[in-house]
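Peer 1: Please build the complete structure, drawing on both the sequences and the hints.
Chains A and B are the protein sequences, given in the same order. For the first sequence, the positions run 1 to 294 when the numbering used here is used. For the second sequence, the positions run 1001 to 1272 when the numbering used here is used.
Think of the hints as simulated: they come from the structure by calculation, not from any bench. Please note that a few of the clues may not be correct.
What the hints assert, rightly or not - Simulated restraints on C-beta separations:
id: 1; chain 1: B; residue 1: K1184; chain 2: A; residue 2: R288; range: 43 to 51 Å
id: 2; chain 1: B; residue 1: P1072; chain 2: A; residue 2: D142; range: 44 to 52 Å
id: 3; chain 1: A; residue 1: G127; chain 2: B; residue 2: G1250; range: 48 to 56 Å
id: 4; chain 1: A; residue 1: N49; chain 2: B; residue 2: T1025; range: 46 to 54 Å
Claimed, not checked - Some chain B residues judged to face chain A by a derived CB distance under 8 Å, without partners named:
id: 5; residue: E1021
id: 6; residue: Y1146
id: 7; residue: R1224
Unchecked claim - Which chain B residues stay away from chain A? Per the calculated CB distances, all over 10 Å, these:
id: 8; residue: T1025
id: 9; residue: I1048
id: 10; residue: L1053
id: 11; residue: G1057
id: 12; residue: P1102
id: 13; residue: F1104
id: 14; residue: L1121
id: 15; residue: V1222
id: 16; residue: M1226
id: 17; residue: G1230
id: 18; residue: V1259
id: 19; residue: A1263
These figures come from a predicted structure and were not determined experimentally. The C-beta atom is built at its ideal place from N, Cα and C for all residues, glycine as well.
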Amino acid sequence: MTVSRRSLHGPHCPPLDPDNELIHVDCACHTYPDGSVGIHDMCFSVRRNEIVALCGPNGSGKSTLIEHLNGLLLPSPGTIWVNGRTISSGEQAGLWKEVGLVFQHTEDQLFAPTVLDDVMFGPLNLGLSPDEAKARALKALDLVGASALVNKLPNYLSGGQKRLIAIAGILAMRPMVIALDEPTSDLDPVHAAMIEQIILDLKGLHGISVVIATHDLDLAARIADRVCLVRDGSVFAEGPPREVFYDSALVREAGLEPPMTVRTWTDYCEAAGIVTDEYPLHHDELVRALRRIG
Amino acid sequence: MSSTPLSSHIPDFDLITYYAEREGTLFSRISPWTKLCFLAFLIMVITISRNVLLLAGIYLMVLLLFGAAGLPLRKLFAWYLLPVVFVISLVGILVWNEPGVPIFSLPLPGLTLTLTMSGLLLIVTLLLKALISVTFSLFFLMTTRYQHLAGMIARIFPAPLDQIFLMAYRFLFLTLAMTASLLKSVRCRGGGLLQSIRMQGRLFAGIFALVFIRSFERGERVQRAMSARGFTGSYTVCGEVPRPILAEYGVLVLMGTAVSYLAALSFLGVTV
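Peer 2: Structure, rendered in structure tokens:
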């Protein structure tokens, strides 16, 4: 797989692999009431059992795209397929069952008086009985390692704990795709690592595809199977993280800086005059590469 | 959302929720319906009664209940500021020159204000009535889980009034949290509520208005987050509200009889 580039005003992009694509966005546009463009000719897809990272600077359209995946926003014009079904006006109502959304500001998501009530909110909306909803909520809290918080008040939790509860609230609904908006922003390293591991487990243990919207390229480099660079409301390049992030010009074109590991390795090789075909993406790989070259 | 209370004199809804969800005392296990009926009976009694001793007795009983439930009495006394100011602002003028035994007079240019025993009793009576209703309402809220409260509202009010009530209750949390963060930002730069009003009245008013606009925006974001989890305008009430047990029915019958008796006496012109 190599990096594929797309013109910002490119042609339609119908699903190429419908059997493997859970979500497909074809030339979706969204303009906010004040005239600002949220997304424009956006082409994007989510495949089975993958972690895809939407990387772009603030205001590039990542959050707007994520809200389209859940049916909170509808493209106009443009088309979205979810699980082989075309989503049009009026049909987006049940989309929340298939695509879960974890908001960037968890304060907006956690509204119920207790953690348990909040995590049960989604399952109850699915029509489950209170007992079933409670069982699901407890299981979800257990999966994110937050069982001890079950009777706590969301307002009294730390930012990291709130993020865990927000993820549990979505996980309890058992969607096939979970989209997380800036999942580790504002978190301390310990909680960020916890969230990172949970994202990996969602894919690895539960077979859930994950979309993360982030400008933390180090995070994307560590966990993503595929990276989509977003600029001006459109995905203009996508590919495996190793290939995308080692194309510094491409990353900078998106208004971003390559991940720290990539910059360190590139600068080191340049300074030492080393020509190598090794491309470490994260810390462990970097350490191993440095050891090898002595 | 801030977990710092807005002011020690404004009821802290997070703390109220904390006590309600903790379900730590016997009173949390009493049926919410019993407590609601008790509140209704209390309101009827304090509406009928003008007897200071009876009202003082009821107030003492309610206060004991509040303390026995392990609820924070010191916070309660701090929260009394608003009801006390409310009562005084209502009857502060009316208490003067009431007919009755004068206690003291205040000569002013052109008129003399006289505080009589009746005037004093009027303000004490109204204060007791306000404090009884505030204390028992807080007792009810602090010993009743939100899910039970939501269940009761869903039973009592028809749709969509119940939804409006439930959402408004949660919206109150947002507004208070927003106001608390505003006040925090004022305080952290050396300001205070009173200082800011005096020194930068216009600016403060502007910011205060912004709080409401931002609360609406925040409410909209919360609504979107709820929609993302399947909310379609109807809050799903989870579980049954516990019904009163036999002993609770007994207490309610006794209380109902006592209220009816007082109402009958009042109807016959006897001061109760």
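Peer 1: Take the hints in turn and mark each one as holding or not.
Peer 2: Consistency of the hints with the structure:
Checked against the hint of 43 to 51 Å, the pair K1184 of chain B and R288 of chain A passes, with Cβ atoms roughly 48 Å apart. The hinted window of 44 to 52 Å between P1072 of chain B and D142 of chain A is violated, with their beta carbons roughly 33 Å apart. A C-beta distance of roughly 39 Å is found between G127 of chain A and G1250 of chain B, which places it outside the suggested range of 48 to 56 Å. At about 50 Å, the CB distance of N49 of chain A to T1025 of chain B agrees with the hint of 46 to 54 Å.
Look at E1021 of chain B: its Cβ gets to within about 5 Å of chain A, closer than 8 Å, so that hint holds up. For Y1146 of chain B, the interface hint holds, the least distance from its beta-carbon to any beta-carbon of chain A being 4 Å, beneath 8 Å. For R1224 of chain B, the interface hint holds, the least distance from its beta-carbon to any beta-carbon of chain A being 6 Å, beneath 8 Å. With a minimum CB-CB distance of about 16 Å to chain A, T1025 of chain B clears the 10 Å threshold, and the non-interface call stands.
In this structure I1048 of chain B is separated from chain A by more than 10 Å, as the shortest Cβ-Cβ distance comes to about 35 Å. Annotated as non-interface, L1053 of chain B keeps its C-beta farther than 10 Å from every C-beta of chain A; the closest such distance is 39 Å. With a least CB separation of 34 Å from chain A, G1057 of chain B remains clear of the 10 Å interface cut-off, as annotated. P1102 of chain B, annotated as away from the interface, keeps every beta carbon of chain A farther than 10 Å; the closest lies near 52 Å.
Against chain A, the non-interface label of F1104 of chain B holds: every CB pair exceeds 10 Å, the least being about 49 Å. Residue placement check: L1121 of chain B keeps its beta carbon more than 10 Å from all beta carbons of chain A (closest about 41 Å). For V1222 of chain B, the non-interface assignment is contradicted: its Cβ lies about 5 Å from the closest Cβ of chain A, within the 10 Å cut-off. Against chain A, the non-interface label of M1226 of chain B is violated: not every CB pair exceeds 10 Å, the least being about 7 Å.
At roughly 3 Å from the closest C-beta of chain A, the C-beta of G1230 of chain B falls inside 10 Å, breaking its exclusion from the interface. The non-interface label for V1259 of chain B is consistent with chain A: the shortest C-beta to C-beta separation is roughly 32 Å, beyond 10 Å. Residue-level check passed: A1263 of chain B sits 37 Å from the nearest beta carbon of chain A, beyond 10 Å.
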